[in-house]
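Novice: Chain A is already provided as a structure; the job is to place chain B on it using the hints.
Chain by chain, the residues:
2 protein chains.
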Amino acid sequence: MKKTYQYYLAILFFFVFTACDSTTKDATEEKEIKTEEKEVKQGPISLVIHGGAGTIKRENMTDEQDAEYRAKLSEALEAGYAKLESGAPAMDAVIAAIQIMEESPLFNAGVGAVFTNEGKNELDAAVMEGKTRNAGAVAGVSTIKSPILAALSVMENSPHVMMSGKGAEQFAAEQGLEIVDPAYFFTQNRYDALQRVKQREEEDGRSAALFEFPDSKFGTVGCVALDKDGNIAAGTSTGGMTNKRYGRIGDAPIIAAGTYADNETCGVSATGHGEYFIRAVVAYDVAAKMKYAGMSLEEASNKIVYEELVDFGGSGGFIALDRAGNISMPFNTSGMYRGYMNEKSSPKVFIYKDEKE
Amino acid sequence: MKKTYQYYLAILFFFVFTACDSTTKDATEEKEIKTEEKEVKQGPISLVIHGGAGTIKRENMTDEQDAEYRAKLSEALEAGYAKLESGAPAMDAVIAAIQIMEESPLFNAGVGAVFTNEGKNELDAAVMEGKTRNAGAVAGVSTIKSPILAALSVMENSPHVMMSGKGAEQFAAEQGLEIVDPAYFFTQNRYDALQRVKQREEEDGRSAALFEFPDSKFGTVGCVALDKDGNIAAGTSTGGMTNKRYGRIGDAPIIAAGTYADNETCGVSATGHGEYFIRAVVAYDVAAKMKYAGMSLEEASNKIVYEELVDFGGSGGFIALDRAGNISMPFNTSGMYRGYMNEKSSPKVFIYKDEKE
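Chains as they are written, first to last, in our numbering: chain A, 1178 to 1534; chain B, 1178 to 1534.
Since the hints were derived computationally from the structure, they do not count as laboratory data. One thing to keep in mind: the hints can contain errors.
In this list, chains with the same sequence are indistinguishable; a pair is considered to hold if it fits within one copy or across any two.
[Claimed, not checked] Distance condition first, Cα-Cα at most 30 Å in a straight line; then the derived BS3-like pairs of lysine-lysine:
id : residue 1 : residue 2
1  : K1480     : K1308
2  : K1297     : K1405
3  : K1468     : K1521
4  : K1468     : K1234
5  : K1343     : K1322
6  : K1308     : K1234
7  : K1468     : K1343
8  : K1533     : K1234
9  : K1521     : K1249
10 : K1308     : K1533
11 : K1521     : K1375
12 : K1521     : K1480
13 : K1480     : K1468
14 : K1533     : K1322
Next up, chain A with everything else stripped away, as it sits in the complex (with noise of 0.2 Å):
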């Protein structure tokens, strides 16, 4: 009986003990993996937007307009990175960060929208997840209020990429996603600059004004994210050119040139004259830098804007940030709305091209 009773407690003791040791074991597997995490997929989160590139200048800008943009930058960067303090995943404040812009008159995208030859606003979006490379994307849809939402849902409902016009129209629909009369995209500021771009062609002869665009802006809006989990994702969202014809697809909607996120490498979004951004393959191009060439974010980055896309003839910009959480933000136009957050700084802020970042 004693030796049963021993027994008994030999057992109730190898539990308690067991149970004691699996509860530090615990603690210790749960520390070991935070730090390996941390080591290994880079802890630190990370969030980078654009507001589109172009000329401007300070000059041509009053202390109101200045304060409005800053303000609303900041207002997406903070919004994206509440998601990610959160816990929530890249594309989380991808989308956060760029429907702020989306629903601002300031940017070309969703409200503000710059107008077609036609005198329509036709938008184009696109996202791309770094893990596994998935990407959806619209173009030329004039009733979807969030195109970004609406590239979104092409990527995760539905077997495609790319989903252009009434067709992309009708999917969003479908799923659900919030559809809109196009005059609510109208700005008259927008609709006023097609009016001087239409006769300035005039003037100048027939599409001057597409051949050249010397004080265009390439509004454009976009975002890049680094989650807690290493993830990185990326989105661009536009109204396109100002004066674009009828049906034009610009690089914003297009997979490699104006959007792209590997989590090997880096998210990219750009902003710029499209048809040069396509033709260079810039939003990939700056991955395969990294991927094949060795170079550092920065070194593609500063290469592909200051030396290629310059003797190319393309001008523009984008932001970018590796799987580090380092960022770029190069442009060869006078500015760039742009703003970076992170676990270092609260929401910085820039526009024109001489502010020290």
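Specialist: Same frame as chain A, but now just chain B:
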């Protein structure tokens, strides 16, 4: 007076002599340039085509079908090669070869294009010129007789790279391209194929046929050519995927995904499950691997098609050609209609995997 006479005579002689001298010099210079061109510019002309990759098996083909395909591929090769032999630019050869395949019901491009889910033919095409990296593309067009010609026209006569839908059709009409009734593209067997896929979709559950392509052929036709001046051009034309949703844009009209050309590296035209080809940036990645990783055309081609695309889940293949006239025709499906022609070879055409190239 005598002095003046001598003076004029001297001037006359001077002119006669320098004129003679100048003629001699010009001829020498011309000769020198010609020799230099021959040495530097890789004299050989070369042409490679494809008519689509997919589940193409010997046991499913009658001898007549097999012969029909081979005859049409040879015809396309000869038409393109004749252009190169006559000294025409690579782009002329690309257009000539592709138009023969567009006009044949055997291939999924032009006549014989597959049907969308809605029972329509929506055609896509793209061209790119390696010397300038100019490019043009149309997507989702239903009334342009030769989509590849429309892509060329976008490249040559518009400020844009990519146009879609009605806007592209309107542009093509303005350019004087031949416009046809959408019924022009109808073929009974492609229509029957849609009905079969839709039936299977109904049986297997919603969109099943869109997510898996067990028996699909990814039609598409393409050509890459190298002309006597060392210029590369590439083009792709397609009807897309059977049962694709209205508005879907595949890889063919997307520069860097299905079509790419750069004299510094190579020209590429792809055929396969477009969504994967877009996400993997297939066409440009061949060039990037050559340019940045120092791979040969063959190494880059094989790595992408037999390793990376297989891991990624993307079935299909491509044709490619480098500045020295080397060609590659890799595919990871059971067959790909393909062929090449160069100074050393009469038209060589192949269909199945086991054929020795």
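Novice: Evaluate each hint against the coordinates.
Specialist: Going down the list of hints, with the structure as the test:
1. For a Cα distance limit of 30 Å, the shortest separation of K1480 from K1308 qualifies both inside one copy, at 26 Å, and across copies, at 21 Å.
2. Taking the shortest alpha-carbon separations for K1297 and K1405, neither the intra-copy value of 41 Å nor the inter-copy value of 45 Å comes in at or below 30 Å.
3. For a Cα distance limit of 30 Å, the shortest separation of K1468 from K1521 inside one copy, 27 Å, qualifies, whereas the shortest one across copies, 37 Å, does not.
4. Proximity of K1468 and K1234 under a CA criterion of 30 Å is satisfied in neither setting, with 36 Å inside one chain copy and 37 Å between copies.
5. Taking the shortest Cα distances, K1343 and K1322 sit within 30 Å of each other both inside one copy (14 Å) and across copies (22 Å).
6. Taking the shortest Cα distances, K1308 and K1234 never come within 30 Å of each other, neither inside one copy (38 Å) nor across copies (35 Å).
7. With identical chains, the CA atoms of K1468 and K1343 are never at most 30 Å apart, being 38 Å at best within one copy and 39 Å at best between copies.
8. For the identical chains of this complex, K1533 and K1234 are intra-copy neighbours only, at 15 Å inside a copy versus 62 Å across copies, given an alpha-carbon limit of 30 Å.
9. With identical chains, the CA atoms of K1521 and K1249 are at most 30 Å apart within one copy only, with a shortest distance of 21 Å there and 64 Å across copies.
10. Within a single copy, K1308 and K1533 get their C-alpha atoms no closer than 32 Å, and across copies no closer than 39 Å, so neither meets the 30 Å cut-off.
11. For the identical chains of this complex, K1521 and K1375 are neighbours neither inside a copy (47 Å) nor across copies (54 Å), given an alpha-carbon limit of 30 Å.
12. In the homo-oligomer, the alpha carbons of K1521 and K1480 lie at most 30 Å apart inside one protomer (27 Å), although the nearest pairing across protomers, at 40 Å, exceeds that limit.
13. In this assembly of identical chains, the alpha carbons of K1480 and K1468 lie at most 30 Å apart whether taken from the same copy (15 Å) or from different copies (14 Å).
14. Proximity of K1533 to K1322 under the C-alpha cut-off of 30 Å is found in neither arrangement, the shortest distances being 35 Å within a copy and 54 Å between copies.
Hint compliance for this structure: hints 2, 4, 6, 7, 10, 11 and 14 are broken, all remaining hints hold.
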